[in-house]
Amino acid sequence: DGGTLWARVEDNGIGGATVLPGGGLDGIGNRVLAAGGTFRLDSPAGGPTSLEVSVPCAS
1 DGGTLWARVE DNGIGGATVL PGGGLDGIGN RVLAAGGTFR LDSPAGGPTS
51 LEVSVPCAS
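Mapping to this note's numbering: the sequence shown position 6 is 6, numbers consecutive.
Don't read these hints as lab results, they were simulated from the structure.
Fair warning: this is a prediction, and the values are worked out from it, not measured in the lab.
Positions of the beta carbon are idealized from the N, C-alpha and C atoms, including for glycine.
Some hints could be false.
Said to hold, decoys possible - Restraint ranges, calculated between C-beta atoms of paired labels, are given here: (1) E10 x L33: 17 to 23 Å; (2) T4 x S50: 16 to 22 Å; (3) N12 x A35: 27 to 33 Å; (4) R40 x G2: 19 to 25 Å; (5) G47 x G3: 17 to 23 Å; (6) C57 x G13: 14 to 20 Å; (7) I14 x G36: 20 to 26 Å.
Taking the hints into account, I'd like the entire structure generated from these sequences.
Structure follows, in C-alpha cells:
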C-alpha cells in the first residue's frame, strides 16, 4: 500500500465559494477524482472556506 496524500487548505474569507463548470475548483476536483481521490469544498456564508483533497499514492 502506498498510502494516501491528504491536504486541507482554509482561508479567512467570507465564504460562498462554489464549484463552477470550467472554473479552477472544478479543474482541481476533476483531476483529484480522475486519480481516484476525494474532493470536498465547504464554504458556508460568513466563512471560512476549506478545501480538502485526498489521493491514493502508488506503491
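Hints versus structure:
| no. | hint | verdict |
| --- | --- | --- |
| 1 | E10 x L33: 17 to 23 Å | holds (21 Å) |
| 2 | T4 x S50: 16 to 22 Å | holds (18 Å) |
| 3 | N12 x A35: 27 to 33 Å | holds (29 Å) |
| 4 | R40 x G2: 19 to 25 Å | holds (21 Å) |
| 5 | G47 x G3: 17 to 23 Å | violated (31 Å) |
| 6 | C57 x G13: 14 to 20 Å | violated (31 Å) |
| 7 | I14 x G36: 20 to 26 Å | violated (33 Å) |
When each numbered hint is compared with the structure, violations occur for hints 5, 6 and 7.
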